[in-house]
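K.L.:
Here is how the chains run, residue by residue.
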Amino acid sequence: ETGVTQTPRHLVMGMTNKKSLKCEQHLGHNAMYWYKQSAKKPLELMFVYSLEERVENNSVPSRFSPECPNSSHLFLHLHTLQPEDSALYLCASSHRDTHNEQFFGPGTRLTVL
Amino acid sequence: KNEVEQSPQNLTAQEGEFITINCSYSVGISALHWLQQHPGGGIVSLFMLSSGKKKHGRLIATINIQEKHSSLHITASHPRDSAVYICAVRTQGAQKLVFGQGTRLTINP
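Read top to bottom, the protein sequences are chains A and B.
Be aware that the first sequence starts at 10, since it is given in my numbering, and climbs by one per residue.
Be aware that the second sequence starts at 2, since it is given in my numbering, and climbs by one per residue.
Because the hints were derived from the structure by calculation, they are not lab data.
Computed from a predicted structure; not experimentally measured.
Heads up, the beta-carbon is just placed ideally off N, CA and C, and yes, glycines get one too.
Some hints could be false.
To be verified - Sample of chain B residues at the chain A side, in silico, Cβ under 10 Å:
1) Gly-43
2) Ala-89
3) Ala-95
4) Phe-100
Claimed, not checked - Stretch by stretch, here's where chain B covers chain A in the computed footprint (C-beta under 8 Å, at least three residues):
5) 37-51
6) 113-121
Could you put the whole structure together from the sequences, leaning on the hints where they help?
P.N.:
Written out as structure tokens, the structure reads:
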């Protein structure tokens, strides 16, 4: 049990669908992250929220829209995705202190048809 | 070229063998992390270190800041150690991690 949960674990969607990924952390952390992991590529940081403010947005297409309503919850809203967006999407959380480790959720395996 | 390079990319060994995975980085860092990713996708943090050496059970991690290099060692390897091992560095002053491409380790019984 990592203390970081993600739902759903698997998602198949068409290019015209709208869906949301959810992440919840029970560790009292105040920073949360979305990562994308594609086959045979390093983890790519997508967004960072610190104290519920977005502090990093790594040139992610606008079809990915994050939301952080409070320090325990993070969403990734998806719309009009492309097949190349199929990947494992990982959420992580940490304390804002830059030396603290990140705790990862189990990920959502997304397939875009 | 990635700022964090791991070697080897794939490693297959027999149960009981001593395993070494290497990580080299090209940027100034405040900390280095070793992570383990199981086939289902979940990632677990193994070590976070900024100098010297840490040991946890059969796992040992070392870092040489001057040489910008870290190694992860597994003693008496076991099939349950089969996973992808990922090196990640926290660049100085940043809140984000930069990841290596991972090393896929397979331990055969």
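K.L.:
Which numbered conditions among the earlier hints are violated in the structure presented, ordered from lowest to highest?
P.N.:
none
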